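S.K.: Starting from the given sequences, assemble the full structure and let the hints guide the process.
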Amino acid sequence: MAKAPTQTQTQKKPRRKAPAKGKPAARRSAANDRSKLLFDGPDWTFDTMERAYRAIEDIAIGDLGLDIYPNQIEIISSEQMLDAYSSTGMPLMYRHWSFGKTFVSEERKYRKGLRGLAYEIIINSSPCISYNMEDNTMPMQTLVMAHAAFGHNHFFKNNHLFRMWTDAEGILDYLEYARGFVSECEERYGERAVEAVLDSAHALMPNGVFRYERPSRPTLREERARHRERLAQEEAEVNYLWDTLKAHKARKSSSSDGFDPAQGVDLPEENLLYFLEQYSPILKNWQRELLRITRHVAQYFYPQRQTKVMNEGCACFVHYHVVNELHRKGLISDGALMEILHQHTNVVTQPDFDDPRFSGTNPYALGFAIMQDIKRVVTDPTDEDREWFPGHAGKGDWRGVLKDVWVNFRDESFIQQYLSPKLIRDFHMFALETDESERFYTVSHIQDERGYREIRQALARNHDLSMIEPDIQVVGVDFLGDRTLHLACQSTDGARLAEADREATLAHLRHLWGFDVSLTQDGENSRD
Amino acid sequence: MSHFIDRRLNPKDKSLGNRRRFLRRVRKQVKDAVNKSVRQRAIADVDRSERVRVPYDGIREPSFHYEPGSGHQERVLPGNKEFKPGDRLRKPPSGSGGGRGNQGSEDGGGEDEFMFVLSREEFLELFFEDLELPDLVKQTLKEVESFEPRRAGYSSSGAPANLAVQATMRNALGRRLALRRPNDREVLELQSELFGLERVAEPSPEQRSRMQALREEIEEKSRRRKAIPYIDPLDVRYKVFEQEPQPNAHAVMFCLMDVSASMGEREKDLAKRFFVLLHLFLQKRYDRIELVFIRHTHNAQEVDEDTFFHSRETGGTVVSTALDEMQRIIAQRYPPSEWNIYAAQASDGDNFPGDSERCEQLMRNEIMRRVQYFAYIEIIDEAEAEFLSSDDNGVELWRTYQRVAADWANFEMKRIAKPGDIYPVFRELFARENQMEG
Chain U
1 MAKAPTQTQT QKKPRRKAPA KGKPAARRSA ANDRSKLLFD GPDWTFDTME RAYRAIEDIA
61 IGDLGLDIYP NQIEIISSEQ MLDAYSSTGM PLMYRHWSFG KTFVSEERKY RKGLRGLAYE
121 IIINSSPCIS YNMEDNTMPM QTLVMAHAAF GHNHFFKNNH LFRMWTDAEG ILDYLEYARG
181 FVSECEERYG ERAVEAVLDS AHALMPNGVF RYERPSRPTL REERARHRER LAQEEAEVNY
241 LWDTLKAHKA RKSSSSDGFD PAQGVDLPEE NLLYFLEQYS PILKNWQREL LRITRHVAQY
301 FYPQRQTKVM NEGCACFVHY HVVNELHRKG LISDGALMEI LHQHTNVVTQ PDFDDPRFSG
361 TNPYALGFAI MQDIKRVVTD PTDEDREWFP GHAGKGDWRG VLKDVWVNFR DESFIQQYLS
421 PKLIRDFHMF ALETDESERF YTVSHIQDER GYREIRQALA RNHDLSMIEP DIQVVGVDFL
481 GDRTLHLACQ STDGARLAEA DREATLAHLR HLWGFDVSLT QDGENSRD
Chain X
1001 MSHFIDRRLN PKDKSLGNRR RFLRRVRKQV KDAVNKSVRQ RAIADVDRSE RVRVPYDGIR
1061 EPSFHYEPGS GHQERVLPGN KEFKPGDRLR KPPSGSGGGR GNQGSEDGGG EDEFMFVLSR
1121 EEFLELFFED LELPDLVKQT LKEVESFEPR RAGYSSSGAP ANLAVQATMR NALGRRLALR
1181 RPNDREVLEL QSELFGLERV AEPSPEQRSR MQALREEIEE KSRRRKAIPY IDPLDVRYKV
1241 FEQEPQPNAH AVMFCLMDVS ASMGEREKDL AKRFFVLLHL FLQKRYDRIE LVFIRHTHNA
1301 QEVDEDTFFH SRETGGTVVS TALDEMQRII AQRYPPSEWN IYAAQASDGD NFPGDSERCE
1361 QLMRNEIMRR VQYFAYIEII DEAEAEFLSS DDNGVELWRT YQRVAADWAN FEMKRIAKPG
1421 DIYPVFRELF ARENQMEG
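Note that the protein sequences, when read in sequence, are chains U and X.
Just so you know, the working numbering puts 395 at position 395 of the first sequence, and the rest follows in order with no gaps.
Just so you know, the working numbering puts 1265 at position 265 of the second sequence, and the rest follows in order with no gaps.
Just so you know, the hints here were simulated from the structure itself, not pulled from any lab data.
Among the hints, a few may not be true.
Pair by pair, the computed Cβ-Cβ distance ranges are [said to hold, decoys possible]:
| # | chain 1 | residue 1 | chain 2 | residue 2 | range |
| --- | --- | --- | --- | --- | --- |
| 1 | X | Glu1067 | U | Arg357 | 19 to 27 angstroms |
| 2 | X | Asp1006 | U | Arg54 | 16 to 24 angstroms |
| 3 | U | Leu267 | X | Glu1067 | 21 to 29 angstroms |
| 4 | X | Tyr1230 | U | Asp135 | 44 to 52 angstroms |
| 5 | X | Gly1420 | U | Glu499 | 57 to 65 angstroms |
The structure presented is a predicted model; accordingly, all values stated were derived computationally and were not measured.
For each residue, glycine too, the CB sits at the ideal point set by N, CA and C.
M.R.: Spelled out as structure tokens, the structure:
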């Protein structure tokens, strides 16, 4: 009975749903024993939340063996949720008009009823902060806690990208520092001057991350020390008493080595913000610090952009397992489970390409489906699965396999490795190929024996950030001549940069560099 | 290990600073939108929040990205129904995007325009901007209706500060009487009688049994006293206050305007701002305001707002006809004993020769006796404003009204060439208001 609503919701493709688990009649009688229920009815209290949290914890830690940061669950109102939207979900952020722009547009959409608000927002920090909306019903709160406070939380703590590139312990302190620094600059140099730098820095944010090499981890103390050092240097620069020949010499050897073409500059450089911060001839110290802040923020979010499918898949898998376990133990009622599954189904629906609701691949649907499928392959493989996944088919320990997956992959490699022929058939996937010069899309592969590998390959490429985003690097600087900065863009498959944005972004680059900047694409001749 | 934190009571509007920065960024466009909507809206609707569209130009956040559809692409889509490898699909015409992907308009709205809603506050802030209002006046106008707490009976729950002692004690007393709770005096009397008997060295059998009875009675009474509390939570009553809007009288506002051909768009726009400001002011003081629009050329008629501002009439200019019409409407619908009557007149100063005499008579004998306030503005060219620096010279109507102004304190008149000139007309009115409040 509890399973029924799930199937009516996805009657088009019931196969895509989780493999049906056995549902003995005994289970139902347990669920009807109301005395064991964690909560009854839609209203939540802190007491029921706490009890539900404990019960979820039992399953998530005890059964699934998740490894999480301590949780801090905050209840917020819808207005506060809108506020959180506008600062990229972070509890504190420096001030900038673009966040205001997000806010007014989200607010309008929300007030007009065009869009509901998220049920939760979670932050990759330690303690792991998740915001739950006060409007959620108690079953929803249960779902949201299992999803965010355990699913996402585990993923943040364990996935190798997050471990390598983000510092969950330090991020809130760092943002606090950033916010303070930005408002200090606003006071000192005026809002407009700060805005001008941030505008330009924001335009370059996608190109402000290190992709291959882990930069040093900034601790708060180091940041502060650096800040003080810069201030002191600034004072020294205007204080004529200091401006003796000796100081002059010292400065030449320390801060101006960037301008000596022979040493220091390491080319090519993929991180444009880092390059500008280090070598721009015109920026003041506080401006360099602003670039540094935006660069750190960009870097912090970079792993999330690479693991959308996996992150959501992990969270959906965890909440799905947890709520079904809660129900099996008789801790939540049939009604609560139905409400949860109804929401769950909404979230993991993948509309077909010709459906008006279609807006690309739904990361929730894909991630959840692949993870459920891994569980199926591990516990109950078919011959096809054994042939495709000799490594884990029939291994039996799905918890171990999944945890290993969550640690070691990102979207592109995850799809490449684990998308099974069965899923390709279930989703009815096909690949469309086209070239700019053609007037047609050509169906290159469909969900059959010959297409599986190619479709899997293509879908993985669709989720590979390095294929989606232009690769732009600093390749040369004319330090001794007119100081032109040379950039090169290596595109994939002959894609061109969007013209209007290219020019606008280059203008921002020139603003930060102070001199001319040229960008060549795929070895063509330089255009200004 | 887990912590639940209730953040709902934390201050909202955390992003107010960002919002303010954003508005500053799009200031020019927003300002244009406000001006446009002042022109289009009905006077009574001016201070609503406003939906604003601004072009994306100033607020685009560019970045390097690939042109959608450029180069060679391969995409995987779900939901194949009948396609076979090698099938061809015609590309949708460029521009429509064909619903493939969600490139471009992530921000919602159109591709070229960004839409959001200005709050009432923000709207008025911009509207006031070139009216050059003093800050205090801006503040008073922006305030919404004032409320006063008013007693509204008792309730059994409430804040300790609102405890109604008398009502509580009255309930307690009634309950104690009804339940026959022994009072202090009764018990004391019995006790002293008992003490008296106990002091007797050799009590008689009657005395003994009396003592026994007394002891039992005292015990019974103290038991009842314990069981029936002096004040029970049931008795407690709290005062209830309701927020009641300040009682306001009704007001009617007459808008009079010359609509002959000499009044162009600029003149009408200025006149409208003038009417809006008076209306905002009245709105603050009165619960209900009715608006009456009277337009005139060589004859006058009452019209609706749209006609008032947007239709043109041809003909001469006889101002007294409008005053006649106003006079007639007052007599018919707005007895001065029940209504506060305000009037605002805008004109370019022209009048039929000789008619100004009649205007003066009407003003003195009829209208000024009945209205709270009459404001007249003469809209002139900026160039004219240069040499009409003195108030003393002017056309016939101006000189006539000056004589009226000399005798009636509640008559204001002013020449206006730009929005900033409007406020001084009302200065007296606002000053009075502030005095009243202060």
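S.K.: Which of the listed hints are broken here?
M.R.: 5
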